[in-house]
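**Q** Protein chains in written order, with numbering that gives the first Met the number 0: chain A, 0 to 194; chain B, 0 to 189; chain C, 0 to 652.
In short, the hints are calculated from the structure, not lab data. What you are looking at is a predicted structure, and each value in this text was computed from that prediction instead of being measured. Please note that a few of the clues may not be correct.
To be verified - Facing chain A, according to a computed beta carbon distance under 8 Å, are these residues of chain C, among others:
| id | residue |
| --- | --- |
| 1 | Ile550 |
| 2 | Arg551 |
| 3 | His553 |
| 4 | Asp578 |
| 5 | Ala625 |
| 6 | Leu626 |
Note that the Cβ used here is the ideal one computed from N, Cα and C, for glycine as well.
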Amino acid sequence: MKKSKVIMIVGALLLGGLFFLPMWNITLEAPQYPEPIGMDIYINKFADAHPNDIKNINIMNHYVGMKDIPEVIPEFEIFPYFAGGMMILGVILGLVGKRKLYLGWFTLMVILGSIAMYDFYLWEYEYGHDLKETAAIKFTDKDGEPMAYQPPLIGNKMILNFKALSWPRSGAYLMFLGMAMSVFAFYRDKKESNE
Amino acid sequence: MKKMILKTMILLLGLVVLASCGSNTQSEGSEAAKVAETHPLGQASVSDDVSAKNILQVAIGSDAHSTLVAAVQAAEIEHVLVNAGPLTVFAPVNDAFAALPEGTVENLLKPENKQALATILTRHAAPGSFNVEGLKKEARKGRKIYMATGDYLEVEVDGEEITVGGAKVLATIQTSNGIINVVDKVILPN
Amino acid sequence: MNTYKKIVGYALTLSLLFIAGSCNQGGGNGGALGDSNAERVYVAPGEHDEYYGFVSGGFSGQLAVYGLPSGRLFKVIPVFSVDGEKAYGFSEETKPMLETSFGTVPWDDSHHPDLSQTNGEIDGRWCFINANNTPRIARISLSTFETEEIIELPNSAGNHSSSFVTENSEYVVAGTRFSVPIPQRDMPIDDYKGNFKGAISFISIAQETGRMNLDFQIKMPGFDYDLAHPGRGASHGWMFFTTYNTEEANTLLEVNASQNDKDFIAAINWKKAEELIANGDFETMPSEYAHNVYDESTQMATSTMKKEVKIIDATKYPGLVYLLPTPKSPHGCDVDPSGEFIIGSGKLSASLTAHSFTKMMDAIENEKFDGDAYGIPILNYDDIVAGVVQQAGLGPLHTEFDGRGNAYTTFFISSEVVKWKLGTWEVLDRAPTYYSVGHLMIPGGNSRKPYGKYLIALNKITKDRYLPTGPELAQSAQLYDISGDKMQLLSDFPTIGEPHYAAGAPASLIKPNQLKLYKLEENNHPHAVKNEKDTRVERNGTEVHIYMTTIRSHFAPDNIEGIKVGDKVYFHVTNLEQDYDVPHGIAMIGANTSELLIMPGQTETFVWNPKKEGVWPFYCTDFCSALHQEMQGYVRVSARNSNVPLKWSLDGE
Chain A
0 MKKSKVIMIV GALLLGGLFF LPMWNITLEA PQYPEPIGMD IYINKFADAH PNDIKNINIM
60 NHYVGMKDIP EVIPEFEIFP YFAGGMMILG VILGLVGKRK LYLGWFTLMV ILGSIAMYDF
120 YLWEYEYGHD LKETAAIKFT DKDGEPMAYQ PPLIGNKMIL NFKALSWPRS GAYLMFLGMA
180 MSVFAFYRDK KESNE
Chain B
0 MKKMILKTMI LLLGLVVLAS CGSNTQSEGS EAAKVAETHP LGQASVSDDV SAKNILQVAI
60 GSDAHSTLVA AVQAAEIEHV LVNAGPLTVF APVNDAFAAL PEGTVENLLK PENKQALATI
120 LTRHAAPGSF NVEGLKKEAR KGRKIYMATG DYLEVEVDGE EITVGGAKVL ATIQTSNGII
180 NVVDKVILPN
Chain C
0 MNTYKKIVGY ALTLSLLFIA GSCNQGGGNG GALGDSNAER VYVAPGEHDE YYGFVSGGFS
60 GQLAVYGLPS GRLFKVIPVF SVDGEKAYGF SEETKPMLET SFGTVPWDDS HHPDLSQTNG
120 EIDGRWCFIN ANNTPRIARI SLSTFETEEI IELPNSAGNH SSSFVTENSE YVVAGTRFSV
180 PIPQRDMPID DYKGNFKGAI SFISIAQETG RMNLDFQIKM PGFDYDLAHP GRGASHGWMF
240 FTTYNTEEAN TLLEVNASQN DKDFIAAINW KKAEELIANG DFETMPSEYA HNVYDESTQM
300 ATSTMKKEVK IIDATKYPGL VYLLPTPKSP HGCDVDPSGE FIIGSGKLSA SLTAHSFTKM
360 MDAIENEKFD GDAYGIPILN YDDIVAGVVQ QAGLGPLHTE FDGRGNAYTT FFISSEVVKW
420 KLGTWEVLDR APTYYSVGHL MIPGGNSRKP YGKYLIALNK ITKDRYLPTG PELAQSAQLY
480 DISGDKMQLL SDFPTIGEPH YAAGAPASLI KPNQLKLYKL EENNHPHAVK NEKDTRVERN
540 GTEVHIYMTT IRSHFAPDNI EGIKVGDKVY FHVTNLEQDY DVPHGIAMIG ANTSELLIMP
600 GQTETFVWNP KKEGVWPFYC TDFCSALHQE MQGYVRVSAR NSNVPLKWSL DGE
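Construct the entire structure; sequences and hints are all you get.
**A** Now the structure itself:
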């Protein structure tokens with residue numbers, strides 16, 4: 000089998016990591032938490048970074064009127080199908096071995112990924128802005144507007160005395176690697192055809 | 000010339016470094032010194048004019064015991080006599096020291112004989128409370144008195160006269176941490 | 000020539016740099032390397048101490064935990080006395096811990112903490128401590144820092160030569176101070192001699208759980224048993240006890256018990272005792288003693304009354320006990336790290352006696368005895384003595400070791416710690432204490448592996464050492480650096496109660512095992528509720544059970560109605576938090592008991608007897624959160640004959 004095909008197939012299979020590795024993580028650091036508290040996001044669940052972290056995030060956030068982090072969201076129902084589908088599609092394309100299809104797979108991944116990130120942003124916005132009227136503590140920003148507690152999409156951000164960190168985790172890195180391999184497979188195939 | 004300046008500077012730098020080092024050592028010394036200064040005599044340094052007087056304070060207040068007090072001070076064992084006790088001290092009067100062979104006291108008061116002096120004085124102290132009644136009881140029961148040095152002293156009663164290790168008890172004073180039995184002789188080892 | 004000058008120049012510069020460097024090293028480094036005493040005991044904010052110090056609370060009945068070298072107090076662990084702060088002895092869960100065969104005893108006098116050992120080295124699992132007055136031994140977990148178990152000792156009185164742990168934590172050993180009639184009976188005190196006996200208790204320790212069991216007692220002659228330490232290394236399997244009042248006096252002991260020139264160190268061969276037990280060579284005596292155990296799973300203590308004890312009569316079995324003559328009412332009984340030397344401190348003496356284990360075994364083998372006491376062989380002093388530290392001070396009490404061949408002994412009357420050398424018996428150094436030192440402690444100083452960096456002297460008298468606080472003054476611990484040739488006094492700090500003995504351990508042995516919270520899912524308390532939905536109030540006649548939860552920052556329920564005057568109301572409160580260091584408290588107005596202080600995931604219970612009609616508040620006592628002050632609730636109490644229905648709610652739901 001051509002090496003490019005192998006690379007494409009392996010790249011697509013790397014999406015399998017999403018089924019058991021965390022995709023994303025949000026961590027909160029503050030002086031009163033010597034061990035930061037955080038949440039891992041999988042394609043089908045939210046999980047404690049350390050035992051009871053989500054519970055403790057909820058306890059802390061309820062004072063400013065933030066809602067509890069939901070145990071399930073609708074996305075958890077469909078994400079696994081997309082991930083699984085794209086993995087199978089990638090393997091099939093690899094077996095077919097047409098290099099333009101590799102690029103097509105890559106492009107589709109970018110589009111789907113962007114949609115997922117947009118969805119993530121919307122959820123974060125909702126989580127950070129939709130506060131209960133009965134909140135015990137109501138902060139306002141410097142314009143006098145109610146303060147928002149939206150975590151960053153990606154990167155670090157100070158929210159009051161908390162530093163919120165939002166970064167991809169191993170599942171996502173494997174996915175990025177798989178996507179890169181599909182592009183690499185494209186060029187490799189080109190080179191192999193020229194030889 | 001330049002070299003000279005350089006050398007001088009190096010030397011000066013050296014002195015500064017050494018001096019700063021020196022001051023560190025000094026501060027350590029002075030800290031230790033501070034502890035010693037505030038309580039050179041241990042518990043004997045505690046100033047307290049409310050409590051009943053202890054053995055040391057009573058002895059200091061007695062003109063007849065100025066030699067004993069001087070000896071205690073020379074041996075630096077004041078803190079033993081202010082201890083919670085109970086202690087019984089057989090306190091020889093000045094005349095008892097004067098009766099020793101000439102030069103003995105002077106010799107013992109020399110700094111190099113501090114330890115020997117301390118041992119002699121400690122032989123005059125017993126753990127426990129032995130007033131006149133107590134001493135008579137010991138004699139009656141044929142018991143010897145165990146002294147802080149580990150020696151045993153025999154108590155003898157002849158009518159109203161009590162002797163301990165050969166020294167006659169002249170008076171008995173109750174103090175806050177024990178008993179002083181004033182005696183007429185320095186009790187020397189057998 | 001020029002080259003030569005250059006070399007000299009460089010050398011000079013280099014040496015100056017070296018001096019400067021060494022100077023900095025001394026100055027900047029803190030800890031014991033710092034060059035001022037202040038720096039050497041300074042532990043910067045957020046930094047941790049190098050050692051834990053477990054210091055007995057004396058007549059407070061508790062155990063205090065300090066950091067060394069800083070001397071900072073971290074926790075007072077309630078052991079033998081009630082503690083309202085921690086609801087110890089007040090909560091339904093902990094009340095059974097203070098049960099005895101005499102009923103509830105709310106106070107005691109705690110003396111000698113000792114740590115569990117493995118292969119003769121401290122292992123950071125448990126701390127044991129004795130109650131002196133109503134004889135008991137407690138085991139404290141070093142992962143929760145809570146008292147987990149207390150066992151009462153029958154036939155014992157003034158449980159002083161306790162609690163000392165053998166080299167592999169096989170036993171914690173406890174000896175009686177007073178000899179008493181065994182079994183207790185009505186008899187004239189004057190008949191003491193020959194009729195009163197001393198009981199030495201061997202309490203086995205289950206290695207997995209730490210559970211204690213009174214395996215057997217050895218019935219000894221009617222002396223007073225003062226202190227003890229286990230053999231180690233070659234002398235493992237032996238236990239050594241100092242005795243006084245071998246005169247067997249029963250009055251004015253200060254005189255009558257000071258008559259014999261020598262009392263004894265009793266050497267007990269407990270391996271031999273185990274054989275006797277295995278062979279059935281013991282008497283089973285009816286007895287009554289409480290065994291109280293706190294179960295971490297149900298978070299409840301239970302008290303069981305035991306009914307009998309196995310007794311071995313020391314006078315009947317040759318080879319079980321030997322008596323080692325030791326001068327003048329020896330107090331401390333300390334065994335050096337090698338296990339060869341047994342040090343007896345004659346408290347009325349000016350000298351210290353060290354016995355040799357090798358010589359002792361040799362004398363036993365050759366049956367070189369110098370008479371007997373009630374059939375127990377007395378060895379010949381000259382045959383067994385290894386050396387004497389002559390005229391070391393006045394009133395020696397206790398000795399610890401640094402693991403470098405040196406020993407440190409306290410002298411009460413001359414108020415000092417004296418450093419001397421094992422083997423040569425020469426005095427190396429002396430340092431005054433302020434004032435009148437009792438025990439001393441070097442971390443691991445009574446094990447095979449001492450950590451000989453610091454020594455603390457535990458003083459009985461402070462007089463003018465601190466800001467005065469009326470007639471009753473603090474007692475103190477003084478910290479010495481013993482890493483060099485000379486002892487250096489670094490600091491002193493006040494202690495709770497009267498510090499008798501203490502035990503110390505490197506923080507690294509204990510810190511990693513800390514329990515941070517109780518897991519809710521592992522909470523098997525019969526009255527626990529694990530979420531707010533299950534909170535409720537149940538009535539059973541006049542008994543009312545409130546199943547309540549706490550979480551930042553509210554109680555559930557927080558409005559309760561239908562309670563009546565004369566009810567007995569149980570508050571079973573579960574802290575639903577699962578976050579480190581978020582306890583909640585609860586206190587009820589007029590409750591004839593203490594607050595509760597409930598750790599995350601824990602359930603505790605207090606009883607309230609409402610006596611007056613009205614609406615009575617309760618609140619959280621531990622500043623738990625920003626809205627702590629909002630954490631409160633009401634209970635409506637109606638007349639006995641009222642018809643107000645039982646009702647409970649949180650936020651109207």
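**Q** Please go over all the hints and tell whether each is borne out by the structure.
**A** For each hint, the structure was consulted:
1. Ile550: Nearest chain A Cβ about 7 Å off; hint holds.
2. Arg551: 5 Å, holds
3. His553: Since chain A brings no Cβ nearer than about 10 Å to histidine 553/C, farther than 8 Å, the hint is violated.
4. Asp578: 5 Å, holds
5. Ala625: This hint holds: alanine 625/C lies near chain A, its Cβ roughly 6 Å from the closest one there, short of 8 Å.
6. Leu626: 6 Å, holds
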